[in-house]
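Protein chains: 2
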Amino acid sequence: MDNRPIGIFDSGVGGLTVVKQVVKLLPEESLVYFGDTARVPYGSKGKETVTKFSSQIIRFLKTKNVKAVVIACNTVSSNCYEELSEEFPDLPITEVVTPGVESCIAATKNKIVGLIGTYATVSSGAYEKRLKAADPEIQVYKKACPLFVPLAEEGWVNNDVAELTARKYLQELIDKNIDSIILGCTHYPTLKECIGRIVGEKVTIVDPAKATAVKLKEYLEEHNMLSEKGHNAERLFYVSDKSHFEQICSRILHENYSAEKIDIEKY
Amino acid sequence: MDNRPIGIFDSGVGGLTVVKQVVKLLPEESLVYFGDTARVPYGSKGKETVTKFSSQIIRFLKTKNVKAVVIACNTVSSNCYEELSEEFPDLPITEVVTPGVESCIAATKNKIVGLIGTYATVSSGAYEKRLKAADPEIQVYKKACPLFVPLAEEGWVNNDVAELTARKYLQELIDKNIDSIILGCTHYPTLKECIGRIVGEKVTIVDPAKATAVKLKEYLEEHNMLSEKGHNAERLFYVSDKSHFEQICSRILHENYSAEKIDIEKY
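Protein chains in written order, with the numbering used here: chain A, 1 to 267; chain B, 1 to 267.
Worth flagging that the hints you see were computed from the coordinates, not collected in a lab.
Mixed in with the good hints there might be a few duds.
Stated by the list, open to error - Mimicking DSS-like on lysine-lysine, the simulated pairs with C-alpha atoms at most 27 Å apart in a straight line are:
1. B:215 - A:62
2. A:266 - B:62
3. B:24 - B:129
4. A:266 - B:242
5. A:111 - A:129
6. A:47 - B:261
7. B:176 - A:52
8. A:215 - A:168
9. B:47 - A:261
10. A:210 - A:62
11. A:52 - B:261
12. A:242 - A:20
13. B:215 - A:242
14. A:266 - B:52
15. B:176 - B:143
16. B:215 - B:176
17. B:242 - A:64
18. B:47 - A:52
19. A:242 - A:215
20. B:67 - A:62
Same shape as in the complex, but just chain A (with noise of 0.2 Å):
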């Protein structure tokens, strides 16, 4: 048994979807949760920037004493994973990827399955190549959106510019026959209603945060990492910057919590 939190980071606000998977999934366990609010979006930067800036936050992370850490981001997740592990190889680091991947098999069966994410994200590679090594037959056509993060922001998630947007963005998937695509962003879940109606009902949405609380879960109880039973959670945030996480916070996780600012810089 282990009662330290679990830390989990995000360029900004959008990870909030993966904490409240977490919450749903591992009620127990204390969790510290890190949005770079001052320096969001990753996803139009740079390898080595987004690098730099996940290894600040994991040593910020580290002084919260935290036993895991969840990479909520997908362009960390993409594309700074081994780097990460290898930084920082005695914490066990759980992304969004692999489960993302693994949800997308289960769901497709025509083998033809779309992927939406910022650029970084896309032109990666990292959900392709992990969806080729799981089943060689899958075919991928992928689809940067970095609309979608702004509309998201502006809660213009179900008028008609998102609609056009989402149009436009996805009927070359659709044109493809797709019977699934995975939401390779954490902001993209709060388009989802949107996106489903563009691509049809036919087609199967797969949101990675679930399946990254599952992998939490699976590896805690692996390692007999678990909360003790009826462990009093406690659940801390920070970010960056502080304007209008209380706001995007209540909407996301439906609690209000107020975050403390940290100068991430330092670490």
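Starting from the known structure of chain A, fit chain B onto it as the hints suggest.
Just chain B, lined up with the frame of chain A:
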């Protein structure tokens, strides 16, 4: 006469629209540009964060021996000009709000004007305060348009999504009978054509970049700080993340420059 370079900075690449005007008006001046592409955008972040980032950038520009600094970014100009002037009392600092206000005052006939920009720029009240100080009868209607920056960066400046988005943001300003509109963000000039179609030809579009270059020239003349006639201008570009700089730079400046990456957090 002073042959030292002028420093120009922005949260990202948008400030190149200001560089373009400065090059046009002051072709013999050497320039050092810094774009904070690793931490862009600033417009959704808090004043404390943006002031800290801007201080780091001016400290970096000082290592390049600049004789003056131009804040190309509206968010920084609106929120942090006083703090930065206090922190760097010996450095002449030009910002974009005052020139934008003067152009707008010259343009409006019915004294009903619109202001568009990031959340941080619009909510700072900086433009409004200076417009009212220049003419107490002026009525200002303002609107944050956070989707314009990602649209500009996606290159969607003239399609149906851009038009629908512009209509959604601008209709309430049009309904107020504005006769001029200030583009309070360096990215917006790339959407000028689309914005013009929505607001109609009777509305004057005010781009503070041009007036800022004029203001800078006047300051240098008055203080005898222009470079010598025939001075061979050198233009250097620095960024905090290299992705996409060259591409966007050639789109805005119609010249090919490469940028050197700087670890700005060290300054």
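How the hints compare with the structure:
1. B:215 - A:62: 50 Å, violated
2. A:266 - B:62: 22 Å, holds
3. B:24 - B:129: It is violated: about 30 Å lies between the C-alpha atoms, which goes past 27 Å.
4. A:266 - B:242: Holds, because 22 Å separates the two Cα atoms, which is no more than 27 Å.
5. A:111 - A:129: 15 Å, holds
6. A:47 - B:261: 13 Å, holds
7. B:176 - A:52: 48 Å, violated
8. A:215 - A:168: 34 Å, violated
9. B:47 - A:261: OK: residue 47 (chain B) and residue 261 (chain A) at ~13 Å, within 27 Å.
10. A:210 - A:62: 25 Å, holds
11. A:52 - B:261: Cα-Cα ~14 Å, so holds.
12. A:242 - A:20: 20 Å, holds
13. B:215 - A:242: Violated - the C-alpha atoms of residue 242 (chain A) and residue 215 (chain B) are around 35 Å apart, more than 27 Å.
14. A:266 - B:52: Holds, at about 13 Å.
15. B:176 - B:143: 12 Å, holds
16. B:215 - B:176: 31 Å, violated
17. B:242 - A:64: 32 Å, violated
18. B:47 - A:52: 24 Å, holds
19. A:242 - A:215: Cα-Cα ~31 Å, so violated.
20. B:67 - A:62: 44 Å, violated
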